[in-house]
Amino acid sequence: EAQVTQNPRYLITVTGKKLTVTCSQNMNHEYMSWYRQDPGLGLRQIYYSMNVEVTDKGDVPEGYKVSRKEKRNFPLILESPSPNQTSLYFCASSLNPRKETQYFGPGTRLLVL
Amino acid sequence: AQSVTQPDIHITVSEGASLELRCNYSYGATPYLFWYVQSPGQGLQLLLKYFSGDTLVQGIKGFEAEFKRSQSSFNLRKPSVHWSDAAEYFCAASSGGSYIPTFGRGTSLIVHP
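In order, the protein sequences belong to chains A and B. Counting from 1, one number per residue, gives the positions in the first sequence under the working numbering. Counting from 1, one number per residue, gives the positions in the second sequence under the working numbering.
Everything labelled a hint here was simulated from the structure, so no lab data went into it. Remember, predicted model here, so these are calculated numbers, not experimental data. A hint or two may mislead.
Under the rule of at most 30 Å between Cα atoms (straight-line distance), these lysine-lysine pairs were calculated in the DSS-like manner [what the hints assert, rightly or not]:
{"id": "1", "chain 1": "A", "residue 1": "Lys18", "chain 2": "B", "residue 2": "Lys49"}
{"id": "2", "chain 1": "A", "residue 1": "Lys71", "chain 2": "A", "residue 2": "Lys17"}
{"id": "3", "chain 1": "A", "residue 1": "Lys17", "chain 2": "A", "residue 2": "Lys69"}
{"id": "4", "chain 1": "A", "residue 1": "Lys18", "chain 2": "A", "residue 2": "Lys57"}
{"id": "5", "chain 1": "A", "residue 1": "Lys99", "chain 2": "A", "residue 2": "Lys18"}
{"id": "6", "chain 1": "A", "residue 1": "Lys71", "chain 2": "B", "residue 2": "Lys68"}
{"id": "7", "chain 1": "B", "residue 1": "Lys61", "chain 2": "A", "residue 2": "Lys18"}
{"id": "8", "chain 1": "B", "residue 1": "Lys49", "chain 2": "B", "residue 2": "Lys68"}
{"id": "9", "chain 1": "A", "residue 1": "Lys99", "chain 2": "A", "residue 2": "Lys69"}
{"id": "10", "chain 1": "A", "residue 1": "Lys17", "chain 2": "A", "residue 2": "Lys57"}
{"id": "11", "chain 1": "B", "residue 1": "Lys49", "chain 2": "A", "residue 2": "Lys71"}
{"id": "12", "chain 1": "A", "residue 1": "Lys57", "chain 2": "A", "residue 2": "Lys69"}
{"id": "13", "chain 1": "A", "residue 1": "Lys57", "chain 2": "B", "residue 2": "Lys49"}
{"id": "14", "chain 1": "A", "residue 1": "Lys17", "chain 2": "A", "residue 2": "Lys65"}
{"id": "15", "chain 1": "A", "residue 1": "Lys71", "chain 2": "A", "residue 2": "Lys99"}
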């Protein structure tokens with residue numbers, strides 16, 4: 001089954017404690033992306049990757065890091081989380097985001113205390 | 001600047017009534033246009049997309065959308081809403097100059113029995 005998986009689905013952490021949210025897709029997509037969703041603000045892109053070892057900032061990259069060492073995986077790293085990073089995070093992948101469907105993971109709900 | 005606007009934050013309809021969700025875009029050229037649905041607790045799923053040709057596009061779950069160049073709009077419609085249609089709906093657009101799609105802020109659909 002074609003899918004994007006994210007782990008964990010729910011996470012409660014404290015300010016400053018490094019965390020990683022994993023994302024994996026099984027569709028051999030070159031493009032992958034991370035979004036955060038906040039009430040009233042819709043989806044905002046954090047980082048995206050056009051291919052292995054190619055990443056670029058989205059609209060709200062501050063406080064986040066990503067890496068793309070393998071085609072299927074695109075982890076999101078919060079090296080020193082802060083309460084304003086409490087949000088719902090989505091990973092997505094696509095063959096071609098301009099004209100093809102983006103496939104979204106189920107989301108990771110993060111609470112930073 | 002390129003943008004996607006969903007003017008309605010919330011829409012409430014009765015089950016069985018017709019539905020229209022609005023989406024306006026601001027792009028130099030006709031963009032690629034998408035509608036996604038986010039059911040509670042889930043990731044986004046593509047409903048339909050438009051690139052060119054017939055301006056009335058059919059999607060999944062009985063949804064359709066009409067592209068109107070003169071109004072820069074791509075409104076989503078359904079003739080008879082079901083309670084299971086209650087969800088968040090996102091319009092998105094991309095163009096030749098922007099490889100990465102821009103999402104609107106979303107419209108929350110509430111369905112009354």
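Hint by hint, here is what the structure shows:
no.: 1; hint: A/Lys18 <-> B/Lys49; result: 38 Å, violated
no.: 2; hint: A/Lys71 <-> A/Lys17; result: 27 Å, holds
no.: 3; hint: A/Lys17 <-> A/Lys69; result: 23 Å, holds
no.: 4; hint: A/Lys18 <-> A/Lys57; result: 20 Å, holds
no.: 5; hint: A/Lys99 <-> A/Lys18; result: 35 Å, violated
no.: 6; hint: A/Lys71 <-> B/Lys68; result: 38 Å, violated
no.: 7; hint: B/Lys61 <-> A/Lys18; result: 41 Å, violated
no.: 8; hint: B/Lys49 <-> B/Lys68; result: 14 Å, holds
no.: 9; hint: A/Lys99 <-> A/Lys69; result: 25 Å, holds
no.: 10; hint: A/Lys17 <-> A/Lys57; result: 23 Å, holds
no.: 11; hint: B/Lys49 <-> A/Lys71; result: 26 Å, holds
no.: 12; hint: A/Lys57 <-> A/Lys69; result: 17 Å, holds
no.: 13; hint: A/Lys57 <-> B/Lys49; result: 26 Å, holds
no.: 14; hint: A/Lys17 <-> A/Lys65; result: 14 Å, holds
no.: 15; hint: A/Lys71 <-> A/Lys99; result: 20 Å, holds
Checked against the numbered hints given earlier, the structure breaks hints 1, 5, 6, 7 and satisfies all the rest.
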